[in-house]
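Residue numbers for the sequence shown follow this note's numbering, beginning at 1213 and rising by one.
Since the hints were made in silico from the structure, they are not lab data. Computed from a predicted model, the values in this text were never measured in an experiment.
Cβ pair distances, simulated, as ranges:
{"hint": "1", "residue 1": "Thr1230", "residue 2": "Gly1292", "range": "27 to 35 Å"}
{"hint": "2", "residue 1": "Glu1274", "residue 2": "Arg1309", "range": "16 to 24 Å"}
{"hint": "3", "residue 1": "Ser1232", "residue 2": "Gln1316", "range": "39 to 47 Å"}
{"hint": "4", "residue 1": "Ala1302", "residue 2": "Met1229", "range": "28 to 36 Å"}
{"hint": "5", "residue 1": "Arg1266", "residue 2": "Gln1316", "range": "20 to 28 Å"}
For glycine and all other residues, C-beta sits at the position ideal for the given N, C-alpha and C.
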Amino acid sequence: MKKKPIAIRSRKARRPMTQSAIQRAAFADPDAQPLSLADLKRMKRTPQAKIIRRALGMTQEEFAARYHIPLGTLRDWEQGRATPDQPTQAYLTVIARSPEEVQQALEG
1213 MKKKPIAIRS
1223 RKARRPMTQS
1233 AIQRAAFADP
1243 DAQPLSLADL
1253 KRMKRTPQAK
1263 IIRRALGMTQ
1273 EEFAARYHIP
1283 LGTLRDWEQG
1293 RATPDQPTQA
1303 YLTVIARSPE
1313 EVQQALEG
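All chains should be modelled from the sequences, with the hints used to inform the complete structure.
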């Protein structure tokens, strides 16, 4: 009897890992230790602007043009060379919560 070839799953067919599977994989090494609070503080956070832009599925150029942010400034925020001031952080929060409404307001 012939064996059927094993089908290779496409990338789309893969299921994301569960939280417990992630933890098991992270601690597969018996010498692995959980991160300390000091370790977490040293780790760099992903800038808010980058998270918002990626969530909207936009390039830096598209995001900067749509929301009237200078491209160089956006790149500086995303690469950690600069941080947005308080009013700009509030603007980014509004963009994250209501991107279409912000775009409409900017268009007139």
